[in-house]
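Here's the letter readout for the chains.
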Amino acid sequence: MQLLLILVLPFLGALFTPLVGRAAGRVGCTLAATAAPAASLILLLRHAAQVRSGEVIVVSWSWVPGFGLDLALRLDGLSFLFALLVLAIGLLVLIYSHGYLGERDPLGRFLGLMLGFMGGMLGIVLAENLLLLVLFWEITSLSSFLLIGFHHREAAARRAALMALTVTGAGGLALLGGVLLLGGAAGGFAVTEVLGAQGRIATDPLRVPMLLLIVLAAFTKSAQLPLHFWLPNAMIAPTPVSAYLHSAAMVKAGVYLLARLWPALSGLELWMPVIGGFGLATMIGAAYLALRQSDIKALLAYSTISHLGMMVMLLGLGTPYAAVVALFHILNHALFKAALFMLGGAVEHATGTRDLERLGGLWRLMPATSAAALLATAAMAGVPPLNGYISKEMMLQAALEPSMHGAAATLTLQLVTLGALLSAGYAFAFAWRAFLAPGPATPHEPHEPRLPLSLPAYVLAAACLAIGLFPGALAGPLVDAAVGAVVTGAPPHYELALWHGLNPPFLLGLGALAGGVVVATVRARLASVPARLPRAEHAFDRLYDGLVVGVGALFGRLHDRSLQRYLAILLVAIVLAGVLASPGTAAGSAVQPVTWLAVVGWAILVAAAAGTVWMHERRLVAVVLISVVGLLVVLTYAHLSAPDLALTQIAVEIVTTVLLLLAIRLLPPPEARPRPRLARRLRDGALALGAGAGAGVLAFAAMTRPREAIVARDVLAEATELHGRNLVHLVLVDFRAFDTLGEIGVLMIAALGVFALIQGFLRWLGDQRPLRRMVQPERARDQHPLLFVIAARLLLPLALLVAAFLFLRGAAHPGGGFVAGLVVAMAVLIQYMAHGVEWTERRILIGYRNSVAVGVLVAVLTGIGSIVRGDPFMTHKSTAMHWPVFGELELSTVLLFDFGVFLTVAGATLLALVNIGRIETRAPRVG
Amino acid sequence: MEALVASAIGILIAGAVYLLLYGRAYEFMLALLLLARAANLFVFSMGGIVLGSLPILGEPEGRYPDPLPQAFVLTAIVINFGITTFVIALAVRACLQLGTDRIEAFDDRSDPR
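Same order as they appear, the protein sequences are chains A and B. Read in the working numbering, the first sequence has 2 at position 19, and its numbers run on one by one without any break. Read in the working numbering, the second sequence has 69 at position 68, and its numbers run on one by one without any break.
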């Protein structure tokens, strides 16, 4: 339970910090933001003893068992190491952000996003279920997108954010694929299961794509060559983001993934060549690229890539000792790199630039900052007695005892030494150019930064020194526990110590440092060869643009903006479906006999439909004819044992007819035009007949195919339980209540859409003066005939009574919330027609939008109520009661749900119609 | 009986298609109404044709009509109604604002290119 709290607290903080920020000012906001990770950190540290003793804490709740997704968390040595880094450095970075962000920047939003990211990162390192890990992986990608694009008004920031999202998002997809394959191979998605299934994974036929997908995911997140390019671009983010995401947290997610799966996957034959190879290439390549940089943050970004390459390479070597070094270096790198990013930001704050060409001599101007920065840089270079030195010496030791033999082993050792040499080189060059060498005057007069901007970095730099001096005492337990979680067999012999004796790694390390000094002195010449390098981001841009253009071209071909063309495609599909279905018609089930009544009805229906098409240009006649079609459909439903449908359809018919009449009045007269050419009409006619024939054949085939009634036994069982007898109503409110909920949602959205459309139009109308002649002249002399007014007033209470009756009898007889809602809507609508909009509006006390909102709310709450009782969503409860007059009646949550439906239907119908009607009253009358 | 219902569906669809292809706002509304009814009848008929019964428990006739397609169609009728309302509002606004009832013209004028 405490594990869950550790994870949830940052997310809670993310929700509340922006709110606090608005109310409590900057300091209050930062305090609120730091509270969550501080509490999480304390909770985490309370588990330290357990984790140290090698215990693995696992808590699990079932979430979506069908997918194998559990809300399962795990705390072991590896998770502990990462969670500690995420929380502790996160806490320092939050404080740093307070100093870094300007007064006008939205601090609350920024800290909220950082906390959201922190939660995602914690989720990754604490997930026991690999699918859960994927989920949190995506959360970090998204929040990193938002953070990199924090200054979203700048095009460059948006571009960098999109680039990072595209690359890491693609990696997320790869991870999902890889995890699915891995789960399939291991027989489950729990980390415990996967780690225990080396044997099955090693013989799984899909192990190669599985490994490649997982490696791809890790490489995108941890910026391995050639997928590294998003990281230097992401340096456009505010510096706290770089100090956190791009040193200690997000970019380590890939390393974490490889370390987490190391016991299960490191035995695969591709592991060492792929991971070791790319890691080594990244370590050397990025170190060289770092030498070429003049921008502090870009230099640090390439340095990060290089160090990530080193960790990946160490994990890729596949030996337990190398894995130990990787784990130790994760800790060390996070400390010195976060410090360097923070100090870089402080330098930029103080001097107004972070361009090394314009900086120099900061040693005199900002002594405290410079001291901390030099300490962290020395750690980065691997200078004794700092933490970076120890992990570098151990790295060389790991390269001296690789798992391979012969030339490959020699080459690996040489390349690793070269990487160490280059790392020292760019670090020395950085220290020299920024702090030691004299330089030009900076844009601002430099000064020591304020405490929030400097203190976090001092803490981290001090930690670098402390771990360097007392590695065994300070980092030992942490690393031991992490090693225990990663290396399943007997742990390798290792000792975290400053002095291992005069041995080959020590000498190689000294050589690398000396070489680094040489590299730093000839940096300018080294950096200019070759003058231009191929840049991966250009390839990315081309690929991205190409995809956008390509997809645009494809869709341009498919959707050439001709409505008729789309229709033709659909129609051909209908015809084809009819043709394909026609063979099935013979093997029919029993056919119902034709009744005379049906034939007469059919004839009227056909005549009315044909008449509608024939006389569509005479609009009023068309309305009458199409109403006849509608009424015939109503009668069809009634004749074919569907009374509920008939009731609903006739209510809809009436409202629709009113709507059409309104539309006729508002539509401009048909634009004068020549009638379409005969050829075109013939083509349309042929298409129409083809589609009609296809649909008819398809319907006939479907109706006569042998089938069992879909009347599920479930429905009948529910019916007896709820004492309902009207099966259709029961399906709507209980069996498929979720559909109904969706449906009233659609109705709500449609009505609000009409509202927005018309309101926008009325605003537009207001700007258009002089107005065109828009509405046809009045025809009726008497707008509100007396007889109609009186009848309407009498009708209202009667209609409301009918609605109540229909509503209440829904459970046992045809009726229910839909019909009742439509009846009420009609009754009110008649008042509008009889009395006009203004008279009626003054007497309507409930806003239609409120009615819709309350209706949907009631329906949803009824559904949620069943969850509170412990049943699935939308389970109804009922008791039978005897009511006066009505007789036996259900008093059940069904009724409540149906009431929500009723309110929504009535409100939405009125909202839409009254708004359309409003156009006319606001529109000018001519004549 | 099945043939009657199927042919009625076919005829409604044919009328709707012709009016859709006509490319005018008012005809489009009519087409939508015809199409909605045809589609509803189509879905309804998937449950088979049952005469002289009711989907209500305890009715004397032994054979109930299938309530599931009926419930679907009931939902569909209401959704259709919502969509129809929206389309009519949209068409009215477009016609008034653009001064034409040619559907193709709606697109030309709103296109920034």
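To be clear, the hints were calculated from the coordinates, so they are not data collected in a lab. Every value quoted in this text rests on a predicted model; they were computed, and no experiment measured them. Backbone N, C-alpha and C fix where the C-beta goes; we use that ideal spot for every residue, glycine too. There's no promise every hint is true.
Said to hold, decoys possible - Stretch-level coverage of chain B by chain A, calculated; a stretch enters the list once three of its residues show a Cβ under 8 Å from a Cβ in chain A:
no. : stretch
1   : 3 to 14
2   : 21 to 34
3   : 69 to 80
4   : 90 to 96
Outcome of the hint check:
1. 3 to 14: holds (count 12)
2. 21 to 34: holds (count 11)
3. 69 to 80: Coverage by chain A holds here, the residue count being 11 at a Cβ distance below 8 Å.
4. 90 to 96: Since three or more residues must qualify, the claim that chain A covers the stretch 90 to 96 of chain B holds, with 6 doing so at under 8 Å.
Comparing the model with each earlier hint shows no violations; every hint is respected.
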